[in-house]
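Single-letter residue listing:
Number of protein chains: 2
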Amino acid sequence: MGDNTGNNSSRYTQRKAFFERMLTVYGRKPVLEALLDPALTCHALHLADSNRETGPVRDILRAAEQRGIPVHRHNRAELARISHNGRQDQGVAADILCPGFRQLADYLAAPPTASRQRLLALDGITNPQNMGMIIRSAAAGAIDGILCSRRGNAALGPLVIKASAGTLYRAPLLHCDTLPSALADCRKAGFEVCTLRADAPLSLFEHRPRGHCIYVLGNETEGVSEAVQAQADQGLAIPMNNGVESLNVAVTASLIAFGAYFER
Amino acid sequence: MGDNTGNNSSRYTQRKAFFERMLTVYGRKPVLEALLDPALTCHALHLADSNRETGPVRDILRAAEQRGIPVHRHNRAELARISHNGRQDQGVAADILCPGFRQLADYLAAPPTASRQRLLALDGITNPQNMGMIIRSAAAGAIDGILCSRRGNAALGPLVIKASAGTLYRAPLLHCDTLPSALADCRKAGFEVCTLRADAPLSLFEHRPRGHCIYVLGNETEGVSEAVQAQADQGLAIPMNNGVESLNVAVTASLIAFGAYFER
Numbered sequence: 001m002g003d004n005t006g007n008n009s010s011r012y013t014q015r016k017a018f019f020e021r022m023l024t025v026y027g028r029k030p031v032l033e034a035l036l037d038p039a040l041t042c043h044a045l046h047l048a049d050s051n052r053e054t055g056p057v058r059d060i061l062r063a064a065e066q067r068g069i070p071v072h073r074h075n076r077a078e079l080a081r082i083s084h085n086g087r088q089d090q091g092v093a094a095d096i097l098c099p100g101f102r103q104l105a106d107y108l109a110a111p112p113t114a115s116r117q118r119l120l121a122l123d124g125i126t127n128p129q130n131m132g133m134i135i136r137s138a139a140a141g142a143i144d145g146i147l148c149s150r151r152g153n154a155a156l157g158p159l160v161i162k163a164s165a166g167t168l169y170r171a172p173l174l175h176c177d178t179l180p181s182a183l184a185d186c187r188k189a190g191f192e193v194c195t196l197r198a199d200a201p202l203s204l205f206e207h208r209p210r211g212h213c214i215y216v217l218g219n220e221t222e223g224v225s226e227a228v229q230a231q232a233d234q235g236l237a238i239p240m241n242n243g244v245e246s247l248n249v250a251v252t253a254s255l256i257a258f259g260a261y262f263e264r
Numbered sequence: 001m002g003d004n005t006g007n008n009s010s011r012y013t014q015r016k017a018f019f020e021r022m023l024t025v026y027g028r029k030p031v032l033e034a035l036l037d038p039a040l041t042c043h044a045l046h047l048a049d050s051n052r053e054t055g056p057v058r059d060i061l062r063a064a065e066q067r068g069i070p071v072h073r074h075n076r077a078e079l080a081r082i083s084h085n086g087r088q089d090q091g092v093a094a095d096i097l098c099p100g101f102r103q104l105a106d107y108l109a110a111p112p113t114a115s116r117q118r119l120l121a122l123d124g125i126t127n128p129q130n131m132g133m134i135i136r137s138a139a140a141g142a143i144d145g146i147l148c149s150r151r152g153n154a155a156l157g158p159l160v161i162k163a164s165a166g167t168l169y170r171a172p173l174l175h176c177d178t179l180p181s182a183l184a185d186c187r188k189a190g191f192e193v194c195t196l197r198a199d200a201p202l203s204l205f206e207h208r209p210r211g212h213c214i215y216v217l218g219n220e221t222e223g224v225s226e227a228v229q230a231q232a233d234q235g236l237a238i239p240m241n242n243g244v245e246s247l248n249v250a251v252t253a254s255l256i257a258f259g260a261y262f263e264r
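If you're matching them up, the sequences are chains Z and H in order. With our numbering, letter number 214 in the first sequence gets 214, and the count goes up by one each step, no holes. With our numbering, letter number 157 in the second sequence gets 157, and the count goes up by one each step, no holes.
So here's chain Z without its partners, still in its complex pose (with noise of 0.2 Å):
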């Protein structure tokens, strides 16, 4: 009895961190560029029964045989469930595995002690080209975790995906419920948190992390939320010339994300 309950909860644990790592893509293009790429895993393939199985979802079917990925028909409404955007999906949605996916929970429960991690939070970024672009920068740069709430963001859809240059799917990306109470986490476990703000005394390049560290954007508008603000350990500025106000909040992600390697 107790061994059974011990597999069930192993079990549901594994199947609950194989669900945390799938994102499931829709769209037709995008689709057929994640079926297409072979350094991805595809789970599943979702094709709604209204298709008409010619042109573009030919090529889909075709690509997803060539692997040996299972195909799922469903009716309309039921694609719609799947894909979660019934209006934008076309009939097609994939299931892929990002092994970089990762709950907050599950990471700061045996957080990486080898080096001083740097996190990347994202407190309402809600213009996809951003989303894609900070996504593509923090990947390629020196940022172990991009935390991201469920709710506040750009959806992690098609526009997301194709301004990351695809990246989105190789990115580690931490899913918190709400930012301001997964930034106490990670305050609990010994992280530094600063918030990036126009008004800040103290400057991104004069800032040197004194450990774990965790960096977080806001709205492009409004800027860090108060909520957020509040769990803040010190605001930190760019300094800017010839007058210039702010910068793309992607660009900067990126001097975040390769300051790290300026430092050494």
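Check the hints yourself; a few may be wrong.
To be verified - Now the stretches of chain H that chain Z is said to cover, found in silico as 3 or more residues with beta-carbon under 8 Å:
{"id": "1", "stretch": "43-57"}
{"id": "2", "stretch": "134-142"}
{"id": "3", "stretch": "255-261"}
It should be emphasised that the hints constitute simulated quantities derived from the structure, not laboratory data. By construction, the Cβ of each residue, glycine as well, lies at the ideal position given by its N, Cα and C atoms.
Once you have looked at the hints, place chain H on chain Z.
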């Protein structure tokens, strides 16, 4: 006689410098925004006589009147010659003074000696969004000049102005005719020429310029052209994690523009 020639020559030089600092912006929204920005100097407003002087055009006229800016009326063909874009000028253009615009030759004739100069050169940046973001980051960061040939890059029009968040008017732009010969001139003046290339053995983050340095960004797809590569002292790469193969060119520009702060 000798004096007269001297005066004429000096007047010519002044007029030339005047026109080199002038950017003719077109389109109703960009022109109105420029007229409403108190930090900008506008020399003239140009209107096509085909405009109905109501709505947006009335707002533009009112803004020009309040600032005492001369208004010139033209027929459509004349206005198209002024805007260089009859299809998109919407019958409106304005001459804006950009104090940071210069000819490369004038800059090299009396190069600043107080500090190590850092220039950014653009070799075929064709996407206006990228062009604007590069200009915004370069103007904000530690870049002394953005070297830009008249052809081969996205035109400095409304799309670039918008993507630059209006910072184009404040940017230190160095005009040249063709980039390869401009880079040859820079080398003669003692500049080190570095091209950004994914396959370069040396990392941008390990490179320390030995003096004045110019960093060349290539086309979004093709990279740096052969004629430009022939002028380069060396290539620099940006190391990337998670299998990411490239960065957005505006992100690369930002890492160069702000790299100087990290190096200090």
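Each hint tested on the structure:
no. : hint    : in the structure
1   : 43-57   : violated (count 0)
2   : 134-142 : holds (count 6)
3   : 255-261 : holds (count 4)
In the structure shown, a violation is registered for the earlier hint numbered 1 alone.
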